[in-house]
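A.B. asks: Now for the letters of each chain:
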Amino acid sequence: MSTAQHRANASKASRPRVGVAGVGQIPFRTRYPEHTFQELAFEVARAALRDAGITTDDVQGAVYGIYSDLLMRQQSSDSLVHDYLGLRGKPALRISAGASTGAFAARAAYAEIASGLSDVVLLLGVQKSGDLINPENQHRGEGTMMSESITHDVNWQHPVTPFPPAAWGLSLNAHMERYGTPTVEQLAKAALKNHRNARLNPYAQLKLDLTLEDILNSRIIAWPTTMYECCGFAECAAAMVLVSERVAGRMAKRPVWIAGVGTSVEAVLQDGDGENYGRVPAIRRSGEAAYTMAGVTKPREELDVAEVHDIFSGLEIMAYEELGLCAPGEGGRLVDEGVTERTGPLPVNPSGGRIACGHIAGVSEIFSLCEVTRQLREEAGERQVAIRRGRGLVSTVGGQSANIAAALVLERDA
Amino acid sequence: MSTAQHRANASKASRPRVGVAGVGQIPFRTRYPEHTFQELAFEVARAALRDAGITTDDVQGAVYGIYSDLLMRQQSSDSLVHDYLGLRGKPALRISAGASTGAFAARAAYAEIASGLSDVVLLLGVQKSGDLINPENQHRGEGTMMSESITHDVNWQHPVTPFPPAAWGLSLNAHMERYGTPTVEQLAKAALKNHRNARLNPYAQLKLDLTLEDILNSRIIAWPTTMYECCGFAECAAAMVLVSERVAGRMAKRPVWIAGVGTSVEAVLQDGDGENYGRVPAIRRSGEAAYTMAGVTKPREELDVAEVHDIFSGLEIMAYEELGLCAPGEGGRLVDEGVTERTGPLPVNPSGGRIACGHIAGVSEIFSLCEVTRQLREEAGERQVAIRRGRGLVSTVGGQSANIAAALVLERDA
Amino acid sequence: MTTRGGYLEAEDAIVNHYVYSHGGLSPFFRALKERGQLTGTRCAECDTVWCPPRTHCSRCYGETQWTDLSHEGTVRAATYCYYVPSNYKLHEYQEMPYVLALVQPDGASTCLYNIVHVPKVVVGAVPAGMRVRAVFRERREGRLTDFYYVPLES
Amino acid sequence: MTTRGGYLEAEDAIVNHYVYSHGGLSPFFRALKERGQLTGTRCAECDTVWCPPRTHCSRCYGETQWTDLSHEGTVRAATYCYYVPSNYKLHEYQEMPYVLALVQPDGASTCLYNIVHVPKVVVGAVPAGMRVRAVFRERREGRLTDFYYVPLES
Ligand SMILES: [Zn+2]
Ligand SMILES: [Zn+2]
Numbered sequence: 004m005s006t007a008q009h010r011a012n013a014s015k016a017s018r019p020r021v022g023v024a025g026v027g028q029i030p031f032r033t034r035y036p037e038h039t040f041q042e043l044a045f046e047v048a049r050a051a052l053r054d055a056g057i058t059t060d061d062v063q064g065a066v067y068g069i070y071s072d073l074l075m076r077q078q079s080s081d082s083l084v085h086d087y088l089g090l091r092g093k094p095a096l097r098i099s100a101g102a103s104t105g106a107f108a109a110r111a112a113y114a115e116i117a118s119g120l121s122d123v124v125l126l127l128g129v130q131k132s133g134d135l136i137n138p139e140n141q142h143r144g145e146g147t148m149m150s151e152s153i154t155h156d157v158n159w160q161h162p163v164t165p166f167p168p169a170a171w172g173l174s175l176n177a178h179m180e181r182y183g184t185p186t187v188e189q190l191a192k193a194a195l196k197n198h199r200n201a202r203l204n205p206y207a208q209l210k211l212d213l214t215l216e217d218i219l220n221s222r223i224i225a226w227p228t229t230m231y232e233c234c235g236f237a238e239c240a241a242a243m244v245l246v247s248e249r250v251a252g253r254m255a256k257r258p259v260w261i262a263g264v265g266t267s268v269e270a271v272l273q274d275g276d277g278e279n280y281g282r283v284p285a286i287r288r289s290g291e292a293a294y295t296m297a298g299v300t301k302p303r304e305e306l307d308v309a310e311v312h313d314i315f316s317g318l319e320i321m322a323y324e325e326l327g328l329c330a331p332g333e334g335g336r337l338v339d340e341g342v343t344e345r346t347g348p349l350p351v352n353p354s355g356g357r358i359a360c361g362h363i364a365g366v367s368e369i370f371s372l373c374e375v376t377r378q379l380r381e382e383a384g385e386r387q388v389a390i391r392r393g394r395g396l397v398s399t400v401g402g403q404s405a406n407i408a409a410a411l412v413l414e415r416d417a
Numbered sequence: 004m005s006t007a008q009h010r011a012n013a014s015k016a017s018r019p020r021v022g023v024a025g026v027g028q029i030p031f032r033t034r035y036p037e038h039t040f041q042e043l044a045f046e047v048a049r050a051a052l053r054d055a056g057i058t059t060d061d062v063q064g065a066v067y068g069i070y071s072d073l074l075m076r077q078q079s080s081d082s083l084v085h086d087y088l089g090l091r092g093k094p095a096l097r098i099s100a101g102a103s104t105g106a107f108a109a110r111a112a113y114a115e116i117a118s119g120l121s122d123v124v125l126l127l128g129v130q131k132s133g134d135l136i137n138p139e140n141q142h143r144g145e146g147t148m149m150s151e152s153i154t155h156d157v158n159w160q161h162p163v164t165p166f167p168p169a170a171w172g173l174s175l176n177a178h179m180e181r182y183g184t185p186t187v188e189q190l191a192k193a194a195l196k197n198h199r200n201a202r203l204n205p206y207a208q209l210k211l212d213l214t215l216e217d218i219l220n221s222r223i224i225a226w227p228t229t230m231y232e233c234c235g236f237a238e239c240a241a242a243m244v245l246v247s248e249r250v251a252g253r254m255a256k257r258p259v260w261i262a263g264v265g266t267s268v269e270a271v272l273q274d275g276d277g278e279n280y281g282r283v284p285a286i287r288r289s290g291e292a293a294y295t296m297a298g299v300t301k302p303r304e305e306l307d308v309a310e311v312h313d314i315f316s317g318l319e320i321m322a323y324e325e326l327g328l329c330a331p332g333e334g335g336r337l338v339d340e341g342v343t344e345r346t347g348p349l350p351v352n353p354s355g356g357r358i359a360c361g362h363i364a365g366v367s368e369i370f371s372l373c374e375v376t377r378q379l380r381e382e383a384g385e386r387q388v389a390i391r392r393g394r395g396l397v398s399t400v401g402g403q404s405a406n407i408a409a410a411l412v413l414e415r416d417a
Numbered sequence: 054m055t056t057r058g059g060y061l062e063a064e065d066a067i068v069n070h071y072v073y074s075h076g077g078l079s080p081f082f083r084a085l086k087e088r089g090q091l092t093g094t095r096c097a098e099c100d101t102v103w104c105p106p107r108t109h110c111s112r113c114y115g116e117t118q119w120t121d122l123s124h125e126g127t128v129r130a131a132t133y134c135y136y137v138p139s140n141y142k143l144h145e146y147q148e149m150p151y152v153l154a155l156v157q158p159d160g161a162s163t164c165l166y167n168i169v170h171v172p173k174v175v176v177g178a179v180p181a182g183m184r185v186r187a188v189f190r191e192r193r194e195g196r197l198t199d200f201y202y203v204p205l206e207s
Numbered sequence: 054m055t056t057r058g059g060y061l062e063a064e065d066a067i068v069n070h071y072v073y074s075h076g077g078l079s080p081f082f083r084a085l086k087e088r089g090q091l092t093g094t095r096c097a098e099c100d101t102v103w104c105p106p107r108t109h110c111s112r113c114y115g116e117t118q119w120t121d122l123s124h125e126g127t128v129r130a131a132t133y134c135y136y137v138p139s140n141y142k143l144h145e146y147q148e149m150p151y152v153l154a155l156v157q158p159d160g161a162s163t164c165l166y167n168i169v170h171v172p173k174v175v176v177g178a179v180p181a182g183m184r185v186r187a188v189f190r191e192r193r194e195g196r197l198t199d200f201y202y203v204p205l206e207s
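Chains as they are written, first to last, in my numbering: chain A, 4 to 417; chain B, 4 to 417; chain C, 54 to 207; chain D, 54 to 207.
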C-alpha cells in the first residue's frame, strides 16, 4: 500500500463523515433577467434547506462558489448573498477556481465540517452571465466570452487564444493524433447522448431534438468541436446542505456521504515533452485522489453514475480515460459500445451534461453534485439510472487549459 | 457553558492541532515594477519553505489569498502562481474575501489540515495593485481605487460612496456621536504609534518621521480621517507553511499553533435600528469565535500582542472595543494611556499596521500572521514586544462596510 | 530581491460593457425613474419593510409586497467626504465636499446610503436623528442618484 | 420561480486601464520588440530552458540566466480555430480560420502558444512534429503577437 493510501485509510477511520442532507436547484437558462443574483441564490438555498428539513437557524456557515466578479458586476458578491439568505454574521467563504469553482468549494465545505469547525454548512454556487454585452453588435454572448477570456494567461495565451474549446482543443487534437480516437462520429455520439438525456431533465437549458447529422453538420467552433458539441453560457444557482455525521440523523432525509474528494491544479499546457499531450493530468490526479480516499479501485465496476465536465464532448471522452473508466485511447469505444448511455452499465451525464443541461462556472459543479445525490437517492424521475453499488462520481475541470480539476465520490449507505 | 463553548472544548480535545512552521515576507511597496506577481509569490514561498526547513516536495497543497482579479489583470491567477512555485498537479484553493482574504484563506488552510486532508500546506497571499492607471491624469492610485470601488454594493453604495474610509467612516462618525470618542487627537495618536512602529520594521512601506501635528494637519479624506490616518495601496506577497501536529516535529523550527480561528460575514451596514451604529459586529463575532476556540476569556490579560486592521486609525480603536480589549467607548482611552504602544502592556500593530507598514487585501492579513508568529518566536528584532503568556491575535476586516472579518489566536507552547 | 535591470511597461485595458437587469428589484428603479417615488417591500409574515427592497424576506423567508414609502426620513449616521478620486462619476452631479449618510425612510426597517445636501458642509451639519426629505432630480435614470436628501426644514 | 412583471435594464461599464510592467520578464518582451529575437532563461542548476521565461526555476528553485533562442521549432499540438467572437483583438491581425499551436523552440524545454500561418487552413495542415520558423512583424509592440510561425520549408 502506498503512503498516500495508508494515510487515506488511517484518517478515514478517525475522520468524521460529511454528508449531503439537502439539494436545491433551478434550471440553467441563457438569462434570468427577472431575477438578481441574490434572488437566484435565495431560490436554491430555500429549496436545499427545505429538502434537508432545516431553517437558516440551523446553518452555521456557508461556502460560496462564485467564479467571476466581472460577470456578477460586483466584487465580494458572496457577502451580499450571505446577508440576503438571512445568514448575516455567520462564517462565509468564497472560492474561485475556474469551471471547477463549485467542486473546490465543496472540498472547502467538506474540510470545514471534517475539521470540526462546523456541523451544518450551506454550499451554494451562483453566477450571472447574461448582463454582459458587446456594444458594437448588442451580442451578449460575445460580451460574456470577452469578459471570461482573461482566464487565459494574459501574456502567453490570451493574445492568440479565443476561448476554451480552442486552448483545450489542443489536447483533444493531440489525443486524436496520438490514439486515432475519438473520431468525429464518436464526438457527435457523445454529444447526442447528452442532448437526449437533457430532454428528460426539468432542470436542463436545452431540449433539442437533434440527430447525429445535426451535430456533425453544425458550425465548427475549433476543430473537431462543433457547436452542438460545445457548451454555451448560462445563468444559474445550485445549493446543498452539508452536515457532519453526528447531526445527520436530525435531517429530513438520509444523507448521501462524501466518500472522497480530490483536487489538482496543473500547469498551463506548455510542456516540451509529449507525455501530457492528449492527456488531462489534472483530471487524472483529482480522480486518483478521490478514489484513494473513497477506497474505489475499479471505478468502472464500482460506480453507478458519473457527471463529468463536457465543456465540449471531446473532454467528456478524455475524462473517461483519465478517470479510469477505460484505458487511454479507449474512450471513443466506450461511446460506441453505449457504456455511458443513460441505460448503459455506467451512465455518464444523465443530466444532459454541460453541453445540453447547461453550464456556468461555479454553479454547474454543484449542480452535478446535486444530480448525483438525486440519482443515489433514486429521486431523479424520468432520467433515473440504475443504482446497484450506491456510488457516484462528479468530475469537473476548468482553468487556462483544462488544468484545474476536482473529483468527488458520493455514496449512500447500503 | 454555552453550547458553542461546549462544542469548542469537546472538539478541541480531539481535533489535530495546526501549526505555523515557516513564514516568508517581503516589504510592502507602492509598486514592484521589476517583478511579476509570480515572481513576488516565488520570493515569499521560497523564504517560508526555507524557514520551515522543507522543499516543495514536502508541500502537499496550497491555499492562495488573492482578492482582486482586476488588480492582477488575470483571472485564476492562483493556478499560474501554483505552477510557478513548482507545485503543479497538487491541490490549490483560491479564496477571496475583501481585506480579510488572507485570514479567510488561513481558516481554509487550517480546515484543510485539521480535517486530515493534508499535513503540509503553503498559505500564500499575493497582489499587484500598481499596474492600474487613470488614463486622464496618469494617476495610478486613482486607477486602483476605481477598480476596487466595485467592492461596494454596485446598486446601493457605489453611486454615492467613493471608497472605504467614507463607507466605513459612517460607523466611526456614529461611534463618535454615540460615545464622544475617539477624539481627533486620539485618532492621530493611534496613527502616530503605528508610524513610529513602522520605522523599526524592515518590511514597512512608509518610514515617515511624523509629529502629531503632521497627522492632524494632513488632508482630510473623509472626516475625521486624515491622510496619515489612512492606509494606501501597496503591492506585496506573504507566505506561511502550515503543518499538522504529527509532522510539526520534522520542521526546522518549533511551531506556533493556530489556537483559534473565527470568521464573520455581516450585512452591509443599512440597519434601521441604532444598535450597530458605531459598532463593528463582524469584528466582534469573529473575535468571540476565535477566543472561544482558543479558550481565551480575558483577552486584555491573556494576549501579548495583536495585529489589527487599521485601514484607518479609527477602525483600530473600534477594533479594541470589539475584540474585548476594553469596553465599548473606551478604545480612545487605551490610546491615551499608551496601553497599545509597542512597549505598553498590550502592543497593537507593532509592525506599523496597515497605515504605515502597508496594505493590500489578501496579503496584509497573512503578513499580520507572519508578524505575530515572529513576535511569538521572539524573532522580531528592533520591534520585538515582550512575550509573557505566549499568545497573540490577528484581526482583519474588509468588505462593503467593514462587514467581512476574521480573527486568529496564535500561541506557542510554554 | 534583486532587480534585473530596467523593466518594460505596456498598455492594456479590460473593458466590460453591461446592459444589466434589475431583476426582481425592477419595480424600485422603475418607480424612481418613472414616478419619482421611493418604494420598498413589506414582508407579509413579519412586517419588515425592506428598502433596499427584497423580493423575499431575509429574516423569515416570507413573501414580500411592494409599497410606496414616505419621502421623509431620519439620518442614522453621516460622514463628510472631502476627497473623491477625479475619475468617479460622482463628480458629475456632486460638488466636494459632501455629506454621505445612512437615511431610514419613514416606515422602512432599513436605511439607504445617499447624499444629504446642506447649504454649507461643516462637520456636525448632519447629526444622527436629523429629519430629511428626498428631492428627485428632473432627469432620472433609474439609479440611486435619481434623488438626494435635504434637511426637512429647508 | 415566479416572475413579477417586466424587468428594467440599465447600462453600465466597468473599465480598467493599465500601464503594466512585465517585471522580471521585461527582457523577453524587450528582445521581441527591439531585436525581433526570441529569448528564454536557462536554469544554472538543472539546465531547464524556460520559454515562457522564468526568473527562477520552478523545478529546482535555481537561478536562471537569459539566453537567445532559435527561431526554429517543432509543433507539439495544433487546433483549427473557425469561430472567434467579433470583439477579439485577434481579428486585427489574423484572418479566420487559423491554426493555433503549441510550438517548442529549438533548445527550449517548454512550448509557446502561437499561430502557425499556412497557405491553406485545412485540418491536418499542422501535424505534431512539424518544423516551423518564427516570422517577426515589422511593427512590434512587445507582445506575443509580434511574431508567428510558418512551416520551415516555406
Ligand atoms: Zn419576514
Ligand atoms: Zn532548475
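In case anyone wonders, no lab produced these hints; they're calculated from the structure.
Just so we're clear, the structure is a prediction, and the values are computed from it rather than from any experiment.
Backbone N, C-alpha and C define an ideal beta-carbon position, used for all residues, glycine too.
Errors might be hidden in some of the hints.
Unchecked claim - From the derived model, a few chain A residues whose C-beta atoms are all more than 12 Å from chain B: (1) Pro30; (2) Thr39; (3) Asp72; (4) Pro94; (5) Ala102; (6) Ala111; (7) Pro138; (8) Ile153; (9) Gly252; (10) Arg253; (11) Thr300; (12) Arg303; (13) Thr346; (14) Gly347; (15) Gly393.
To be verified - If we take Cβ atoms under 8 Å as the criterion, some of the chain D residues that face chain B in the derived model are: (16) Val72; (17) Thr92; (18) His170.
A.B. asks: State for each hint whether it applies.
C.D. replies: Results for each hint:
1. Pro30: 26 Å, holds
2. Thr39: About 9 Å separates Thr39 (chain A) from the closest Cβ of chain B, which leaves it inside 12 Å; violated.
3. Asp72: 6 Å, violated
4. Pro94: 4 Å, violated
5. Ala102: Violated: least Cβ distance 10 Å, not greater than 12 Å.
6. Ala111: 5 Å, violated
7. Pro138: Consistent with the label, Pro138 (chain A) stays out of reach of chain B, its closest Cβ about 19 Å off (over 12 Å).
8. Ile153: Not fine: 5 Å to the nearest Cβ puts Ile153 (chain A) too close to chain B.
9. Gly252: Given that every Cβ of chain B is farther than 12 Å from that of Gly252 (chain A), nearest at about 17 Å, it holds.
10. Arg253: 14 Å, holds
11. Thr300: 20 Å, holds
12. Arg303: 24 Å, holds
13. Thr346: Label holds. Min Cβ-Cβ 35 Å, cutoff 12 Å.
14. Gly347: Correct as stated: the minimum Cβ-Cβ distance to chain B is 31 Å, above 12 Å.
15. Gly393: Given a closest Cβ separation of 23 Å, the condition holds.
16. Val72: 5 Å, holds
17. Thr92: This interface hint is violated because 16 Å lies over the 8 Å limit.
18. His170: 28 Å, violated
The structure fails hints 2, 3, 4, 5, 6, 8, 17, 18 (numbered hints given earlier, in ascending order).
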